[in-house]
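K.L.:
Turn these sequences into a full structure, and let the hints steer you where they fit.
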Amino acid sequence: MSIQPALEAKNLTKTYGNVVALSGADLQLYPGEVLAVVGDNGAGKSTLIKCISGAEIPDSGEITLEGEVVSFHRPQDSRAVGIETVYQSLAVAPALDIAANLYLGREIRKKGPIGSIFRMLDNGAMKTASKDHIASLGISTIQNISQAVETLSGGQRQAVSVARAAAFSSKVIILDEPTAALGVRESNQVLKLIEQLRERGLPVILISHNMPQVFEVADRIQIQRLGKRAAVVTPKTHQMNEVVGIMTGAIKVDEKDQTLKPIR
Amino acid sequence: MTLSDAEIAFQSGEGKPSPRERIQKALHRYPSISPGLVLLLSAGVFWFLNPNFKDPFNLSLVIQQVAVVGAVAIGQTLIILTAGIDLSCGAITVFTSMVMGRTAFANHLPGWESVLLGISVGLLCGGINGFLITRVKLPPFIVTLGTYNIFNALSLLYSTGRDIGTNELTKLLLWTGSAFNIGSFSITVGVMIMILMYAFLAYSLRFTAWGRHVYATGDDIEAARLAGIETKRVIFSVYLVAGFIFSIAAWILIGRTQSASANNGIDLNLDSITAVVIGGTSLFGGRGRIIGSLYGAIIVGVFRDGLTLAGLAPYYQSLAVGILVITAVSIDQWIRKARN
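Those sequence lines, one after another, are chains E and W. Anchor point for the first sequence: position 118 equals 118 in our numbering, and the numbering is continuous, going up by one each time. Just remember that our numbering sits 264 ahead of the position in the second sequence, which is counted from 1.
Careful, some of the hints might be misleading.
To be verified - Listed next, the in silico BS3-like pairs over lysine-lysine satisfying Cα-Cα at most 27 Å (straight line):
hint	chain 1	residue 1	chain 2	residue 2
1	E	Lys127	E	Lys111
2	W	Lys318	E	Lys127
3	E	Lys131	W	Lys289
Stated by the list, open to error - Distance ranges between label pairs, derived from CB positions:
hint	chain 1	residue 1	chain 2	residue 2	range
4	E	Asn210	W	Lys289	28 to 38 Å
5	W	Leu380	E	Gln4	42 to 52 Å
6	E	Asn188	W	Arg600	22 to 32 Å
7	E	Ile114	W	Ile406	53 to 63 Å
8	E	Thr237	W	Lys496	41 to 51 Å
9	E	Asp132	W	Glu377	33 to 43 Å
10	E	Val244	W	Arg600	49 to 59 Å
11	W	Arg284	E	Lys111	36 to 46 Å
12	E	Lys192	W	Lys289	24 to 34 Å
13	E	Pro212	W	Ser282	32 to 42 Å
14	E	Thr141	W	Asp319	49 to 59 Å
Just so you know, these hints were derived from the structure itself, not from any lab. Think of the CB as a built atom: it goes at the ideal place given N, C-alpha and C, for glycine as much as any other residue.
P.N.:
If you want it as structure tokens, here you go:
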């Protein structure tokens, strides 16, 4: 293939004591695509994603970002190179407002001595920028940027998380079960946001249990089984029951033939 | 995380909140409103009960009396904002006051040296608490229960059972007790130092990234960690800063009592928590304003003073403070219901 992957993981392994979480897992994420990663519990999809986001350190294997080898020891490391992660747990601070949450851990200080000596935050700049980020994703349900996050619904909170990731990621966005804690209507809001991200050209990795959602938004679907990649399929060429079949081992896939070409 | 239809309607502005909900929301948003109101109300009542209450001399006395617990409450507020608790704050204060007093008396340190030594010991004590909580991963309650006993024992051992009197202390150590007049009010240096510390910490909490991280860590530690905040470092820094504040409180304590004694300030541990709780800071962390703790400390002072002036036996003071604490926490629980 001539297209260079935006992100590539090769032969990752990770064991926790006697438990083998990853036994040579691969992943290729191409520019501008939504890659869903599915798998049964214990198939290693969480561990794979944790290795890519820096929450876990793989025992062996290699991760390359736009062709360059990277190694992460903490979540901050992956963030520093432009990989942002949205977690299922609605990882926002409830009592802080939306702007404060968007910039949490990356606050902007005022210019000049007020900022450098008195460490004063530039709340105005952060609010204005937050408004732009929220608006650019077409999130219309949030009106007041100074609202405390605890006054928002679950879907709106997750929208804040996605907006935060979109605002700061330059390379890759990872969404780890972003709809697991949400209702149907709220999940649809998040799916719309994922499509927005694709339109921007940002590659997205989506971890999900929810097959209909995966088939709705993913360009390609990577199926994890027993700590490695079992197959990569597309929603156009395969049915949901086939994916479930590969996931559970009912359908066997030849190891050499597992990677489909990217659609573009 | 799902909301009832009524709540969705409420959020989109379709339904009108009842007056009760509105009060709940306002108090939730501005946690220092209720202690402020309680302070005004109680001052009004005591004024009505005994006209001497409003006497500038009496009001000055109240402020001077709350300077030490008010200062300790600053450190306690920081810690409680991170969903921690410090049972050893009074013990640290007393221990550092003994260090300041004894190095001045027994080792003849002339002034700044004993103050700086006391501050260093305060930082060390806070650092030990912070280390045990963030690195050994013990709950703050257990850690500070242990260090409370340890620091208490250390100050008793170090004092050799002897109090250090006014004549045996240096001028600098006693300086925090010296008074000056503002109008007809008599204010001590210690009161000024306490107010300055409130101003500084209020600024830091509200306008710096550190303050925001303190709130975020207490609010939801996992969310804060995932947002890239070094939560352990934040918690450690809070215990360290608190240790510093307790040592300054120790200096104010020496000025206030004009002595250094292991028996001074033994009620500070619980009194500081009382002030913080009455001040509207939530024991669950992440919610509250530091200025509320100043209100809380003054409210307790006003009650003690007002009840004395009203001619009631001292036992009624404890009774009143107990009722205040329980009322304050009940109000906090009620306000927290405004969250979804």
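K.L.:
Give a verdict on every hint.
P.N.:
Tested hints:
This hinted pair checks out: E/Lys127 and E/Lys111 have alpha carbons roughly 16 Å apart, not beyond 27 Å. Taken as a hint, the W/Lys318 and E/Lys127 pair is broken in the structure, with Cα atoms around 45 Å apart against an allowance of 27 Å. Taking the CA atoms of E/Lys131 and W/Lys289, the gap is near 24 Å; set against the 27 Å cutoff, the hint holds. At roughly 35 Å, the beta-carbon separation of E/Asn210 and W/Lys289 lies within the given 28 to 38 Å, and the hint holds.
Against the hinted window of 42 to 52 Å, the Cβ-Cβ separation of W/Leu380 and E/Gln4 comes to about 60 Å, which falls outside the hint. In this structure, E/Asn188 and W/Arg600 meet the distance hint of 22 to 32 Å, their C-beta atoms being roughly 31 Å apart. For E/Ile114 and W/Ile406, the hinted distance range of 53 to 63 Å is not satisfied, since their beta carbons lie about 41 Å from each other. For E/Thr237 paired with W/Lys496, a C-beta distance near 48 Å keeps the hint of 41 to 51 Å intact.
At roughly 55 Å, the beta carbons of E/Asp132 and W/Glu377 sit outside the given window of 33 to 43 Å. The hint said 49 to 59 Å for the Cβ distance between E/Val244 and W/Arg600, and at roughly 43 Å that hint is violated. Taking 36 to 46 Å as the suggested C-beta distance range, the pair W/Arg284 and E/Lys111 conforms, at roughly 45 Å. Taken as a hint, the range 24 to 34 Å holds for the pair E/Lys192 and W/Lys289, whose Cβ atoms sit roughly 30 Å apart.
A C-beta distance of roughly 40 Å is found between E/Pro212 and W/Ser282, which places it inside the suggested range of 32 to 42 Å. E/Thr141 and W/Asp319 have their C-beta atoms about 57 Å apart, which keeps the hinted 49 to 59 Å range intact.
Figure legend: structure checked against the earlier numbered hints; hints not met, in rising order: 2, 5, 7, 9 and 10.
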